[in-house]
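Start from chain X and add chain S according to the hints.
Chain residues, written in single-letter form:
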Amino acid sequence: MKFTRKAAPVAATAALALTLAACAQSDRSSGSSSNSGGGDVKDTITFGAAGAPELFDPFYATDGETFRVTRQMMEGLVGIKPGTADIQPELATSWESSSDGKEWTFKLRDGVKFWDGEPFNAAAVCYNFERMFDQNEVAAGGPAGYWADVMGSFKSDAANALYQGCTPKDDMTAVIKISRPTSKFPTALSLDSFSMQSPKALKDGDANNVTKQGEGFGYPAYSKNPVGTGPYKLDKFDEANKTVTLVRNDDYWGEKAKTAKLVFKIIPDESTRRQELEAGSIDGYDLPNPADWKGLKDQGNNVLIRPAFNILYMGLNPQKNPKLKDLKVRQALYYALNRDQLVKTQLPEGATVATQFMPDTVAGYNKSLKPYEYNPEKAKQLLKEAGAEGMTLLFAYPSEVSRPYMPDPQKIYEALRGDLEAVGIKVQVNTKPWNGGYLDTVDNGGYDAWLLGWTGDYNSADNFIGTFFANLKANDFHTSATSYGAQLSKDLDAADSIVDEGQRNAAYEKVNQQIMEQDLPGLAISHSPPALVVSEKVKGLVPSPLTAETFSTVTVQK
Amino acid sequence: MIRFIVRRLLQMVGVVLILSLLVFLWLRSLPGGTVSAMLGERATPERRAALEKALGLDQPIWVQYWEFLKRALTGQFGSSTGVQPGTDAFQVFLTRFPATIELAFFALVIAVALGIPLGYLAARRRGSIFDNLSIVGSLIGIAVPVFFLAFLLKYWFAIKLHWLPVSGRQDPDINATRVTGFFVLDGLLTREYDASWDAIKHLILPSLALATIPFAVIFRITRASVLEVLDEDYVRTAESKGLTNKVIRGRHVLRNALLPVVTTIGLQTGGLLVGAVLTERVFSYAGLGEALAIAFERRDYAVLQVCILMAAVTFVIVNLLVDIAYAVIDPRVRTR
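First to last, the protein sequences are chains X and S. Going by the UniProt record's numbering, the first sequence opens with residue 1, and the numbers climb by one from there. Going by the UniProt record's numbering, the second sequence opens with residue 1, and the numbers climb by one from there.
Bound-form chain X, shown alone:
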């Protein structure tokens, strides 16, 4: 009796283990050789990512973590020149627009195949665009965000869409029609979301079948098993171990990837990423804390600083605080800020004082504009003239967040607040967590002044000042409540639709001057370069202002 009572659980456990063992089979291929790379370079690059990719169909993604992975596997008609924000031919070898700027002809690259063997040709291009255009209500409302941003609307509302159709002129020439000339073309086609994917795989995987699942979105099978043309292809996403593994595409049309395997290890905690690098278990990671840059360099790592492609600004809401309607008051605030000091003490190496609402890497940047100087006396004078001496200002900053343009919001805020108080402004301090009310309050116009910024998606002035001020009805700067808002919006639309690049850039330069000298809807503060860090053994990684680094040129020494 006693024996059976004790033995029964043991026997049961043993039986269970045996059963499980019987159905468990090792999936390993027998010749698994992970570190057999010849020569003195490793055959695997391991990079520390901060978050998991959302899915592998870039069309439904809007986040950098997803694009970092899909960029290695997918290519668009238009690519980005390494190290710059400028476009270059990728799957299209050349393009030209009609004289009215509404018809774009793309000559396609010969001899390109998707991994599944499908040919890349004009029919494939048009299939892709029609697929992106024809989205169901759920996808249109959420995941297909970049299409909504760039093209305005989808097939269900075709009349209001920028995209008007794609036709294969011949096998290797595709023609895309748009409703009006715009500076977005063809630059916006360099967005990862608009990468070319295999028509057959898209069809077979029911790629457009996005559904609403509770308070989230459900994606079709294709999103886990994409097919592109790039130098790497997806091997597996091990969700339980949080690693994404890509392997070299040996049939790649261009120069093959130098390292056979590319692993993204997802490490959400920033200090853990740093420790992983120190331990040598990853070869690099993204967005090291600027406070760590020096220490990382001292340990022999390379901190690769990307050219800044962002802007930090102080938003102003004249609707909330009518004193801000007076240009003199807005200028006074600007003169009060000691931004040279801010850039030197609070922002990462390489940060610059902003002279306008876009960085100098963007076409249409006005070189002749000078920054508003630090002049507290002038600020006081202007406040006096405007009858706003001792005005109060509800000025807010976000907590629990770090953005590339704003690594430490609180420190930046404290510096700016001190400057404002020095000229007699009474600052009412307010802070909320980034996603705990801050963004909502900014959108609802709840602050007089606030800190926010923007990182560009592609090289176009429209992607900066157009985003900020062109939509008169709803923008964070509440320009609809000002005397200049309507005109500014018109001027921006007019500049955007100029076909000739030279003339367009000149028009944008003029608008930039107008914004800074006459309108001043907000205060452009600074541009901060984000960085990535790699160990000294890593060669060939070129930092990109668009964070569009490709790993196919990278080698890691043993």
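Note that these hints are calculated values from the structure, not bench results. Be aware that one or more of the hints could be misleading.
As the list claims (entries may be wrong) - Calculated pairs, EDC-like style, for lysine to aspartate or glutamate (alpha carbon to alpha carbon, straight line, at most 20 Å):
hint	chain 1	residue 1	chain 2	residue 2
1	S	K53	X	D440
2	S	K53	X	E137
3	X	K224	X	D63
4	X	K473	S	E46
5	S	K201	X	D238
6	X	K212	S	E67
7	X	K212	S	D233
8	S	K160	X	E137
Just so it is clear, the structure is predicted and the values come from calculations on it, not from any experiment.
This is chain S only, laid out in the frame that chain X set:
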């Protein structure tokens, strides 16, 4: 006994229902939300409205709750929006749960394997240097914050000595086969012993960090409990009867002293789940705790709901197991 278990399980259903409503209301009363998390600085009123509509967040809250309940009953909890977007929240839970169980199990084994013998020895040698050292050790265990301890452990064992990995669950180069999601077990089942060994190496530091508090508590309770039992009449009687030391220790002292210890272990299991949130985060260990932390930052309602509810279910079940263990250790409980 069976009626007892059934009754407890029925109670659990009630608890989960009420909790689901509370969690639902709580999440939606938080400032910020899924929409802000998804759009960030590219949020405009128009995009916000479109996304809210697409996600059904523009519906009245009771409609949302009712929809949630209906779905939950069919086993669909909705897609994650932050931890693993597009994956059903329950699937996220299933992927992450084995990781946490593995970690908590290792931590508990460490805490029990060290806590009980040390507590017993400390009590037997009350007032000795050993006793005092153990008490100081357990105090440090409670007082040192997990993130600091984690930092020290990682710094020494991973970065300086290169003995153990810094974070994660397994080296991606291992290319292990997944069966149950318990990495150590999977390696044994598929005979990929290197995979098991690698998973164990990844478990050592986080489970040590996580074990400190339960170890300290178990140690102190055992010590106090043994001291109390040693003074009992039946122990003196047993000694005077001339029973061997082994029998006295095993049958009379330990068995009686263990009752409060078992309760404590049960309660500590709940504490382990809480402690796992921090430990998993700093060790980037892909368990429930890390999922909860990310889900909270990104307002991933579906994952938060599932994980909190399932944590409650786990807690209730663990307590039920503790009660059953009581019955096994103490025959008096069984007859009642």
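Evaluation of the provided hints:
1. S:K53 with X:D440: Answer holds: S:K53 to X:D440 is near 16 Å, not above 20 Å.
2. S:K53 with X:E137: Status holds; Cα separation ~10 Å.
3. X:K224 with X:D63: holds (16 Å)
4. X:K473 with S:E46: OK: X:K473 and S:E46 at ~10 Å, within 20 Å.
5. S:K201 with X:D238: OK: S:K201 and X:D238 at ~19 Å, within 20 Å.
6. X:K212 with S:E67: Distance ~12 Å between X:K212 and S:E67 Cα, so the pair holds.
7. X:K212 with S:D233: Measuring from Cα to Cα gives roughly 68 Å; hence the hint is violated.
8. S:K160 with X:E137: violated (54 Å)
In this structure, the hints that do not hold are numbers 7, 8, in rising order.
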